[in-house]
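A.B. asks: These protein sequences, in sequence, are chains A and B.
Be aware that the first sequence starts at 1, since it is given in my numbering, and climbs by one per residue.
Be aware that the second sequence starts at 1001, since it is given in my numbering, and climbs by one per residue.
Wrong hints could be hidden among the right ones.
Just so you have them, the derived chain B footprint on chain A, three or more residues with Cβ under 8 Å [claimed, not checked]:
| hint | segment |
| --- | --- |
| 1 | 14 to 21 |
| 2 | 50 to 61 |
| 3 | 182 to 194 |
| 4 | 224 to 232 |
Pairwise CB distance ranges (calculated) [what the hints assert, rightly or not]:
| hint | chain 1 | residue 1 | chain 2 | residue 2 | range |
| --- | --- | --- | --- | --- | --- |
| 5 | B | Asp1024 | A | Lys31 | 52 to 60 Å |
| 6 | A | Gly25 | B | Leu1019 | 47 to 55 Å |
| 7 | A | Gly12 | B | Gly1134 | 22 to 30 Å |
| 8 | A | Gly156 | B | Leu1138 | 36 to 44 Å |
| 9 | A | Arg243 | B | Arg1118 | 22 to 30 Å |
| 10 | B | Leu1034 | A | Arg81 | 26 to 34 Å |
| 11 | A | Ile72 | B | Ile1023 | 26 to 34 Å |
| 12 | A | Ala146 | B | Leu1154 | 36 to 44 Å |
| 13 | A | Ile227 | B | Leu1138 | 43 to 51 Å |
| 14 | A | Gln9 | B | Ile1023 | 25 to 33 Å |
| 15 | A | Thr201 | B | His1025 | 48 to 56 Å |
| 16 | B | His1025 | A | Ala60 | 38 to 46 Å |
| 17 | B | Leu1138 | A | Ala146 | 51 to 59 Å |
| 18 | A | Ala119 | B | Ile1023 | 36 to 44 Å |
Calculated from the structure, these hints are not laboratory results.
Glycine included, each C-beta is placed from N, C-alpha and C at the ideal position.
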Amino acid sequence: MPVSIQFRQALGKLVLPALILVACGVILLGKADRPLIEKLRMQTADLLAPAYGLVAWPQAKLRWLSGNLQDIRNLEAENIRLRAENVSLRHWYDVAAALADENAALKSNLHWIPDNAPAFVTGRVVRDTSGLYARAVLLAVNPDTAVHKGGIALDGSGLVGRVTEVGKRSVRVLLITDSSSRLPVTLESSHAAAIMAGDNTPLPRVIFYPQDNVPIEGERVVTNGEIESLPAGLPVGHVHYLRPGQPVVVPAAALDHIDILRIFDYEDSVSPPDAPGRVPLPNVGRTMSLPSQFQSHPDQGLHG
Amino acid sequence: MKTFTPPPIRPGIHPRSGLGYRIDHGMRSSVPCLFVFFVALVLSAPLNLPGQVELMPAVIMATVFLWSVFVPVLMPSIAVFMLGIWVDILSFGPAGVMLLMMLIVHGIALSGRYTLARVNFFVLWFVFGVVMVGVTALQWVLCSALALHIVEFLPFVFETVLAFGSFPVLYTGFVWTYRFVVNNADPS
């Protein structure tokens, strides 16, 4: 269809404002229908996961190689240190073995119900999707493994985060340092409950701790069994004071270079009984009996 | 009706518009957009570069700005829109914010291009810096508004500084690409 030059120019001038309007629409859509955007992103990430794996593999090899070279250089000092540590560990091994025996004996005496062993899958971190706004990593997993939203990610030494999105071949793990991460924790020495709140810095803050029982510098922080999918007692890190009155958690997991993660499924490990703490009410019509001296009208109960 | 056909000026200079020529021409013309496409792809890969997250918007904004000022034919609005969607899908930030920023930078460059294309390089650099400050401030405001709390602004300052600092390098790259790739000049 032939159109006049003026019309075409006018149309051309309208394109950019229209596109900017559409962009605003996309922002609103992203806010209104978050699952749609996340699905799109996860599908793209799924497609790109093998490529990301290819990029990550030589890096891991290189790191391994340079680590090896450094190890060779420090062999002598390392050996001396390890010998000293070994002596101390032997001692602790004996203590632990004795305690384990004692624990087993006590548990057998108490008819202890053993915990279920949780199921887990292990995956390699293929991409750090941390940006200006979030702290998260993408994990490549086998298509047929069952990873659920809410799975708990641990590395060798501590809690890393929780699974927030699940794709076919990749899952996204929101780190404990993300600004939207809030986890109930227990401080081990002071026995206080607190909330660990991420703020996009490497050290999540400790908030809502009791004011008469402040966190102690260096005490261990473990998870607290308050939420269903997260069992109590997983190691998180230790308390450190950046400045007086500002306690933070130094994570035990190496969050700056996460290589391999295990995703645990604690979903149905402990299911609470129905309506915990519910006190059955007395039947309607039955009244509480008071001692006779308090009863003004013997035929009328407390509630009339 | 007899239509008017202009007489061929300097016959023999015109390249033959065969299939090979058209493919070649299309490849050369799509270099700017492909560059943005691959920058987004590569900088979202796990390279563990320091400042990688902040580098992506910096490089993309400078590229969009330069091509929109000097050769808007090769960086049309609709392509900027598509690239914005692509960048948004690859980065896990609030949806649409990068897209909006790219369109705004493109719009500013387009509307001021008759002035900007003639000014000194340093003036252009300064103008780009001012645009980046404005756009990054907008990004920060949008991110804070969409996250419903004030996000830390230092990464955004870093992003602006990085964009400002990488501009001369990208300008050199742009001039080289324009001369030797898009226009196929003789490097000698």
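A.B. asks: A separate judgement is required for each hint: does it hold in the structure or not?
C.D. replies: Taking the hints in turn, this is what the structure says about them:
Residues of the segment 14 to 21 of chain A lying with their CB closer than 8 Å to a CB of chain B number 4, which satisfies the three-residue condition for coverage. Under the rule that three or more residues need a Cβ within less than 8 Å of chain B, the assignment of the segment 50 to 61 of chain A holds, with 5 such residues. Taking a C-beta to C-beta cut-off of 8 Å, the segment 182 to 194 of chain A contributes 0 residues in contact with chain B, too few for the three needed, and the coverage statement is violated. For a cut-off of 8 Å, the count of residues in the segment 224 to 232 of chain A with a CB near a CB of chain B stands at 0, and the three-residue condition is violated.
Distance hint check: the CB atoms of Asp1024 of chain B and Lys31 of chain A are about 44 Å apart, inconsistent with the given range 52 to 60 Å. Our hint of 47 to 55 Å for Gly25 of chain A and Leu1019 of chain B is violated, since their Cβ atoms are close to 39 Å apart. For the pair Gly12 of chain A and Gly1134 of chain B, the supplied restraint of 22 to 30 Å holds, since their beta-carbon distance comes to about 25 Å. A C-beta distance of roughly 42 Å is found between Gly156 of chain A and Leu1138 of chain B, which places it inside the suggested range of 36 to 44 Å.
Checked against the hint of 22 to 30 Å, the C-beta distance between Arg243 of chain A and Arg1118 of chain B comes to roughly 54 Å, which is inconsistent with it. With their beta carbons about 53 Å apart, Leu1034 of chain B and Arg81 of chain A fall outside the hinted range of 26 to 34 Å. With their beta carbons about 53 Å apart, Ile72 of chain A and Ile1023 of chain B fall outside the hinted range of 26 to 34 Å. Distance hint check: the CB atoms of Ala146 of chain A and Leu1154 of chain B are about 40 Å apart, consistent with the given range 36 to 44 Å.
For Ile227 of chain A and Leu1138 of chain B, the hinted distance range of 43 to 51 Å is not satisfied, since their beta carbons lie about 37 Å from each other. Restraint check, Gln9 of chain A to Ile1023 of chain B: a C-beta distance of roughly 30 Å satisfies the suggested window 25 to 33 Å. As the Cβ distance of Thr201 of chain A to His1025 of chain B is approximately 50 Å, the hint placing it in 48 to 56 Å holds. The supplied range of 38 to 46 Å is met by His1025 of chain B and Ala60 of chain A, whose beta-carbon atoms lie about 43 Å from each other.
In this structure the supplied range 51 to 59 Å is violated for Leu1138 of chain B paired with Ala146 of chain A, their Cβ-Cβ distance being about 43 Å. Between Ala119 of chain A and Ile1023 of chain B, the C-beta spacing of about 54 Å breaks the proposed range 36 to 44 Å.
In terms of the numbered hints stated before, the structure departs from hints 3, 4, 5, 6, 9, 10, 11, 13, 17 and 18, listed from lowest to highest.
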